[in-house]
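Number of protein chains: 2
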Amino acid sequence: LDEAAMGQVQERLDSLTKPQGSLGQLEQIAKQLGGIQGTSNPQIKKKAVLLMAGDHGIAAEGVSAFPQEVTPQMVYNIMNDGAAINVLARQANADVFCTDVGVAFPIEATGNIIQKRVANGTKNMAKGPAMSRQEALQALLAGAEVAQEKIQAGYNLFATGDLGIGNTTPSSAIVSLFTNSPLEDVVGRGTGIDDAGLINKRQAIQKAIDVNQPNTEDALDVLCKVGGLEIAAIAGSILQAAASRVPIVVDGFISTAGALVAANLAPKSTAFMIPSHGSVEPGHCKALAGLGLEPVLNLNMRLGEGTGAALTFHLVEAALHILNEMSTFADAGVSEKS
Amino acid sequence: LDEAAMGQVQERLDSLTKPQGSLGQLEQIAKQLGGIQGTSNPQIKKKAVLLMAGDHGIAAEGVSAFPQEVTPQMVYNIMNDGAAINVLARQANADVFCTDVGVAFPIEATGNIIQKRVANGTKNMAKGPAMSRQEALQALLAGAEVAQEKIQAGYNLFATGDLGIGNTTPSSAIVSLFTNSPLEDVVGRGTGIDDAGLINKRQAIQKAIDVNQPNTEDALDVLCKVGGLEIAAIAGSILQAAASRVPIVVDGFISTAGALVAANLAPKSTAFMIPSHGSVEPGHCKALAGLGLEPVLNLNMRLGEGTGAALTFHLVEAALHILNEMSTFADAGVSEKS
Numbered sequence: 001l002d003e004a005a006m007g008q009v010q011e012r013l014d015s016l017t018k019p020q021g022s023l024g025q026l027e028q029i030a031k032q033l034g035g036i037q038g039t040s041n042p043q044i045k046k047k048a049v050l051l052m053a054g055d056h057g058i059a060a061e062g063v064s065a066f067p068q069e070v071t072p073q074m075v076y077n078i079m080n081d082g083a084a085i086n087v088l089a090r091q092a093n094a095d096v097f098c099t100d101v102g103v104a105f106p107i108e109a110t111g112n113i114i115q116k117r118v119a120n121g122t123k124n125m126a127k128g129p130a131m132s133r134q135e136a137l138q139a140l141l142a143g144a145e146v147a148q149e150k151i152q153a154g155y156n157l158f159a160t161g162d163l164g165i166g167n168t169t170p171s172s173a174i175v176s177l178f179t180n181s182p183l184e185d186v187v188g189r190g191t192g193i194d195d196a197g198l199i200n201k202r203q204a205i206q207k208a209i210d211v212n213q214p215n216t217e218d219a220l221d222v223l224c225k226v227g228g229l230e231i232a233a234i235a236g237s238i239l240q241a242a243a244s245r246v247p248i249v250v251d252g253f254i255s256t257a258g259a260l261v262a263a264n265l266a267p268k269s270t271a272f273m274i275p276s277h278g279s280v281e282p283g284h285c286k287a288l289a290g291l292g293l294e295p296v297l298n299l300n301m302r303l304g305e306g307t308g309a310a311l312t313f314h315l316v317e318a319a320l321h322i323l324n325e326m327s328t329f330a331d332a333g334v335s336e337k338s
Numbered sequence: 001l002d003e004a005a006m007g008q009v010q011e012r013l014d015s016l017t018k019p020q021g022s023l024g025q026l027e028q029i030a031k032q033l034g035g036i037q038g039t040s041n042p043q044i045k046k047k048a049v050l051l052m053a054g055d056h057g058i059a060a061e062g063v064s065a066f067p068q069e070v071t072p073q074m075v076y077n078i079m080n081d082g083a084a085i086n087v088l089a090r091q092a093n094a095d096v097f098c099t100d101v102g103v104a105f106p107i108e109a110t111g112n113i114i115q116k117r118v119a120n121g122t123k124n125m126a127k128g129p130a131m132s133r134q135e136a137l138q139a140l141l142a143g144a145e146v147a148q149e150k151i152q153a154g155y156n157l158f159a160t161g162d163l164g165i166g167n168t169t170p171s172s173a174i175v176s177l178f179t180n181s182p183l184e185d186v187v188g189r190g191t192g193i194d195d196a197g198l199i200n201k202r203q204a205i206q207k208a209i210d211v212n213q214p215n216t217e218d219a220l221d222v223l224c225k226v227g228g229l230e231i232a233a234i235a236g237s238i239l240q241a242a243a244s245r246v247p248i249v250v251d252g253f254i255s256t257a258g259a260l261v262a263a264n265l266a267p268k269s270t271a272f273m274i275p276s277h278g279s280v281e282p283g284h285c286k287a288l289a290g291l292g293l294e295p296v297l298n299l300n301m302r303l304g305e306g307t308g309a310a311l312t313f314h315l316v317e318a319a320l321h322i323l324n325e326m327s328t329f330a331d332a333g334v335s336e337k338s
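Chains A and B supply the protein sequences, listed in that same order. Position 212 of the first sequence, counted from 1, bears residue number 212 in our numbering, the numbering being contiguous throughout. Position 265 of the second sequence, counted from 1, bears residue number 265 in our numbering, the numbering being contiguous throughout.
A couple of the hints might just be wrong.
[As the list claims (entries may be wrong)] Cross-link-like lysine-lysine pairs, in silico, PhoX-like; alpha carbons within 25 Å at most:
(1) B/K46 - B/K123
(2) B/K337 - A/K123
(3) B/K47 - B/K123
(4) A/K337 - B/K123
(5) B/K337 - B/K47
(6) A/K46 - A/K116
Everything labelled a hint here was simulated from the structure, so no lab data went into it. Here the structure is a predicted model, which is why all the values come from computation and not from measurement.
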C-alpha cells in the first residue's frame, strides 16, 4: 500500500472536527482505500458483487439441509433479481454478477450470469480429491478473469459472494487446515442441519482430510483436495483484485475460506481485503483472525451470496464521505484538544 | 408490540428464498418494525437524528480532553453541515435536528437548531445535584416535545444523538448505578484523556455518587443528581417515540445512558429501541446488556452525535427491503429444506 497516501489521509482525518481516531474502523477503511488507490482522495466509482457458484460432490454424504437442485434454482433466482443479494446490492447501488464455475446441472447463462464452468461440480472429497490440481487452477483463473473484466468495465470496489449447496463443508475443511483448528471448533450447521447432521458432517470432513492428506504448505493442494470450484474462483477474484489494486470486501464463511486460500498463495493480498460481518458459522471468527481481519457487522447472518459484504458497502462509502465532506477544526472554528 | 403482525412478518420471512433465520438480526429488525407499526408491511417514510446538546458543570473537574467552548462550536458546525453526523445522515437520507437543552454558552437557534434550553449547563455534580428534579423533568419534556413535533411532521424512524463536552462522565455514573457495575468497569477515556485524567475522572464520579447518594429505585433521582440535560432529553425523545409507536435507534454510550433512564421510567420502552454500534467506552456493552440489546455494528467508534445510529439506518432499511422485495420459494421455483 502507498504509505505516503495513507499518511496524507491520516493527516486529513486528524484535522476533521472529531476527537482523533474517534470514528474507529471507518477511519481505518478510509486509510486503507487511500493506500490501495495511492491517493489522499480515494473514490468509489462502480461497485460489484462477484458471486461464484459451484456444486459439491460431498453433498452425496448428506451434509446439507437442502437438495443440490437448489444451486441452479438459486442461480436463476439471482438472474431474476429475487435473491437476498439482489435486494441488498440494489440498496447499495451495486451490480451483481454470478459466475457458474461448477454447478452440477445445466445453466443457461443470460443476463447477469457468466458461464465459466470448469466441471459439473466437484467430486466427493470423502472418497478422493474434490478436483484435480488443473481444475483448481482453472477455477482460480475463472474468478480472476471475471474480476479483470469488471475492473476494465470501471468497477473499483468488489464484494465476494458464494453460492453452492454443501459449501460450508469444504470451507470448514479449509479453515480447519489453514488455522490449525480442530473440526469441533469450525464445523457448523450451514443452512440448518440438526445435531445428527452436524456429527455426520464433521465425520465426512474428517474422512476427506484422512483420505486426501492435504499439504497445508501448498495452498493449491488443500484447495483441490478439500476445496470447491466456487471457493477457488473467490480466491482468484481476490488475487486479481489485489493485483489490480482494487479493494474487495470479504463476505462470510465460504468467502473467508477463499480468502485464506488467496492469502496462502499471496500473503500481500490481505492488504486489499475489507472484512464484513461475523457469521453464525463457528469457524468464521477463526478464519478472519487467521487473516488479521475483524468483522464490522454483527448480525448473526449465515446466508452467503455476498449479503454481509453488500451491507458493508454502506460503511466503506461512509468512510469516504467522512474523509471528503467533514469540516476541519480550522474551517469550522472549533477548538482543538487542550 | 403487535404479536399478530410479527407473526405475519415471520411467516413472510420464512417463505423467502433463504434458509429460515439466515438473515439473523435483519429478520429480527423487520419483525420488530412490524410489531411496532402493527402491520405485516412496515414502511420507513422519513428519518431523523434527534441530537440533544448540553453542558456539564463537572467539566470544571477536568474530566474532558476538550474545553467546554467546543459544545457551542459543534452546535454551529452541525448547523453548517460540517460535523460527522451531518455527513452520515446525508448518506442515509436522514435529517439532523439539534436541540439546545442546556449549552453553557449563548446559541442563536436557526436552521436545524432547536432552542429548548432548560439551564446554562448542569451544576458540578461532584459538589451537589447536577440539576433540580424540576429541571430534569423539563429536559425530559423538551426531548419528548421535539420527538412529537417530528412525528407530526411525518418522521417515523429516529436516531438518538448527543453533544456535550464532559458527557461521558454523567453517563458513566448512570450506567454504573443502573447496571450495578463498579466504576472501574464503566469509566473510559471519552474524547481522549490520558491515564492521569482517567483516574481523576473516576474520582470525580465517585465523589458525585458519594455526595448525592442517588436512589436507583427512582430514575428521576439518578437523572437529576448525576445526569445531564441532554441525557434527560434523549430519554424523553425515546419515551415519546415509544408512546407514539415509532422505532428509535439508540446511538453510543451517552445515548444508551439516556435509554437506561427511559427504560427505568417505562420498561416497555425497550421494545421500541433498535441497537446500533458497540462503542469503545468500556461501559457501553454493560449498558446495552442492561437493556437486553446487542450492537449490530462493531466499528470501535467513540464520537457520539448519533453517528453509529445513522449508520444503522442502512441496516434497518435493508431489513425492510428484504421483507418486501425478495422472492418466495414458491414464486422462484426453489426447492425447500429436505
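**Study point:** 25 Å Cα cutoff - pair B/K337, A/K123
**Key:** holds, 23 Å
Point to revise | 25 Å limit on alpha-carbon distance, applied to hinted pair B/K337 and B/K47 | key: violated, 38 Å
Check your understanding: If you draw a straight line from the CA of B/K46 to the CA of B/K123, is it 25 Å or shorter?
Key -> violated, 37 Å
Point to revise | Holds or violated: A/K337 to B/K123, with C-alpha atoms at most 25 Å apart | key: holds, 23 Å
Check your understanding: Under the criterion that the straight-line Cα-Cα distance not exceed 25 Å, is the pair B/K47, B/K123 satisfied?
Key -> violated, 34 Å
Review point. Given the proposed pairing of A/K46 with A/K116, does the C-alpha separation stay at or below 25 Å?
Key: Holds, at about 23 Å.
Hint compliance for this structure: hints 1, 3, 5 are not met, and every other hint is.
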